[in-house]
Amino acid sequence: MKKDGHKIDQVIDCRKLSCPLPVLKVKNAINQMEIGMILEMIATDPGSVKDIPAWVKQTGQELMETAHEDGHFMFLIKKLR
Amino acid sequence: MSVTDQDIKYIEKIVEEKVRKVLSERKKRMALIASKGTLDMAYPPLILATTAAAMDIECSIFFTFYGLDIINKNKNKNLKVPSLANPAMPIPLPNIIGALPGMTSMATMMMKSWMSKVNVPSITELLDISKETGVKLIACQMTMDVMGIKKEDLIDGVEVCGAAGFLEFAAEADITLFV
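If you're matching them up, the sequences are chains A and B in order.
Going by the numbering used here, the first residue of the first sequence is number 755, and it counts up by one from there.
Going by the numbering used here, the first residue of the second sequence is number 6, and it counts up by one from there.
Derived from the structure by calculation, the hints contain no laboratory data.
Careful, some of the hints might be misleading.
The list that follows gives simulated cross-link-like pairs (lysine-lysine, DSSO-like), each with its CA atoms no further than 27 angstroms apart [claimed, not checked]:
hint : chain 1 : residue 1 : chain 2 : residue 2
1    : A       : K779      : B       : K26
2    : B       : K156      : A       : K811
3    : B       : K26       : A       : K832
4    : B       : K136      : B       : K155
5    : B       : K85       : B       : K26
6    : A       : K779      : B       : K32
7    : A       : K770      : B       : K122
8    : A       : K811      : B       : K23
9    : A       : K779      : A       : K804
10   : B       : K136      : B       : K80
11   : B       : K155      : B       : K85
12   : A       : K781      : B       : K141
13   : A       : K811      : A       : K781
14   : A       : K770      : B       : K85
15   : B       : K23       : A       : K779
Residues of chain B clear of chain A, computed beta-carbon distances all greater than 10 angstroms [what the hints assert, rightly or not]:
hint : residue
16   : Q11
17   : V24
18   : K26
19   : L98
20   : N100
21   : P126
22   : F174
Yeah, the Cβ is synthetic: ideal placement off N, Cα and C, and Gly gets one too.
Chain A on its own, in the form it takes in the complex:
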């Protein structure tokens, strides 16, 4: 799958999940990926707007893109380590 020129390696759906599940699912998914791969996550939890960037910063990954549409939040995360 391609999005804005990025090749997406994995997509996880965290819609309708509340804190702390979106962060935990992202962590799980990233754990199983290889360095350089890109994860797309979709959530409806408005808390994830702050939580995902915080998680990315703390764990040393890269947040490539975020988007907000119809109450859905999309994050593109690149695994750096």
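Chain A is already provided as a structure; the job is to place chain B on it using the hints.
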């Protein structure tokens, strides 16, 4: 051969770099104390701990006094929300009504239904996630003795120790919270 100021500055620089490297490589740590046995007070330490683990923060929870109920396998599926002396209930209850029989179960049922509506994991699910992600669950030896709780009453994977054992971990913690 004498030591010059320049040599000292050079050594200081190397030491400073080494210290900075060690500090930045060290994992952050969080030490939590869970001291309450009600459903509403069981959530915060478990949510924080599982999230910390996902953020590569090393975490221990010390369960003490009524907090032991959270890891007591005979009790942790039936933690309750107090209806009495709880002015923060979404539907405010005068204490005299909160004291009526059945009100505690009602408050508990209400909270459980809100939590499941927004897909917050249950206490037992959060405990499972904690163990899977390496959160250390520690039961307080002294309160187990006081309250007559045996190691077999606790869920698997729990360590038992006293205040000193927990403080050894907490002394190196970046975050310490009492719940």
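Verification of the hints:
no.: 1; hint: A:K779 with B:K26; in the structure: 30 angstroms, violated
no.: 2; hint: B:K156 with A:K811; in the structure: 39 angstroms, violated
no.: 3; hint: B:K26 with A:K832; in the structure: 25 angstroms, holds
no.: 4; hint: B:K136 with B:K155; in the structure: 20 angstroms, holds
no.: 5; hint: B:K85 with B:K26; in the structure: 47 angstroms, violated
no.: 6; hint: A:K779 with B:K32; in the structure: 21 angstroms, holds
no.: 7; hint: A:K770 with B:K122; in the structure: 9 angstroms, holds
no.: 8; hint: A:K811 with B:K23; in the structure: 23 angstroms, holds
no.: 9; hint: A:K779 with A:K804; in the structure: 16 angstroms, holds
no.: 10; hint: B:K136 with B:K80; in the structure: 18 angstroms, holds
no.: 11; hint: B:K155 with B:K85; in the structure: 22 angstroms, holds
no.: 12; hint: A:K781 with B:K141; in the structure: 18 angstroms, holds
no.: 13; hint: A:K811 with A:K781; in the structure: 13 angstroms, holds
no.: 14; hint: A:K770 with B:K85; in the structure: 25 angstroms, holds
no.: 15; hint: B:K23 with A:K779; in the structure: 35 angstroms, violated
no.: 16; hint: Q11; in the structure: 36 angstroms, holds
no.: 17; hint: V24; in the structure: 20 angstroms, holds
no.: 18; hint: K26; in the structure: 15 angstroms, holds
no.: 19; hint: L98; in the structure: 25 angstroms, holds
no.: 20; hint: N100; in the structure: 31 angstroms, holds
no.: 21; hint: P126; in the structure: 7 angstroms, violated
no.: 22; hint: F174; in the structure: 20 angstroms, holds
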